[in-house]
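Make a model of the complete structure from these sequences and hints.
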Amino acid sequence: MTLTAVIRNLLGKGYSQDSMAEILDMDKEEVRKICGQIQEEQKKTDPQIHETLVKG
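Here the working numbering is used: the first residue of the sequence shown is -2, the next is one more, and so on.
Mixed in with the good hints, there may be bad ones.
As the list claims (entries may be wrong) - Using 27 Å as the maximum straight-line C-alpha spacing, the simulated DSS-like pairs for lysine-lysine come out as follows:
| hint | residue 1 | residue 2 |
| --- | --- | --- |
| 1 | K41 | K10 |
| 2 | K30 | K52 |
| 3 | K30 | K10 |
| 4 | K41 | K25 |
| 5 | K25 | K52 |
| 6 | K40 | K30 |
| 7 | K30 | K41 |
| 8 | K41 | K52 |
| 9 | K25 | K10 |
| 10 | K40 | K25 |
| 11 | K40 | K10 |
| 12 | K40 | K52 |
Read the hints as simulated data drawn from the structure, not as lab findings.
Structure follows, in structure tokens:
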């Protein structure tokens, strides 16, 4: 399971971005960035979103 998939799953369960950052021991801004991409690109797969984030 990819990080994007984990965050998508936590979003679906209603976790806040701050809670996700704490649970995953990640920078809050990075979690916000991933969440933003997931919400903006709902039809994209997790690997496609990852690719978008990596390309920046």
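Verification of the hints:
1. Proposed proximity of K41 and K10 is supported: the alpha carbons are some 19 Å apart, at most 27 Å.
2. In summary, the hint linking K30 to K52 is supported, as the alpha carbons are separated by about 13 Å, within the 27 Å threshold.
3. With a C-alpha separation of about 18 Å, the suggested pair K30 and K10 falls inside the 27 Å cut-off, and the hint holds.
4. A distance of roughly 23 Å separates the Cα atoms of K41 and K25; the hinted pair therefore holds under the 27 Å criterion.
5. In summary, the hint linking K25 to K52 is supported, as the alpha carbons are separated by about 20 Å, within the 27 Å threshold.
6. A hinted pair counts as satisfied when its Cα atoms are at most 27 Å apart, and K40 with K30 qualifies at roughly 17 Å.
7. The hinted pair formed by K30 and K41 meets the criterion: a straight-line CA distance of about 15 Å does not exceed 27 Å.
8. With a C-alpha separation of about 15 Å, the suggested pair K41 and K52 falls inside the 27 Å cut-off, and the hint holds.
9. Using a Cα cut-off of 27 Å, the hinted pair K25 and K10 holds, with the two alpha carbons roughly 18 Å apart.
10. For the hint pairing K40 with K25, the CA-to-CA distance comes to about 24 Å; that is within 27 Å, so the pair holds.
11. For a cut-off of 27 Å, the pair hint linking K40 to K10 stands: about 19 Å separates their Cα positions.
12. For a cut-off of 27 Å, the pair hint linking K40 to K52 stands: about 18 Å separates their Cα positions.
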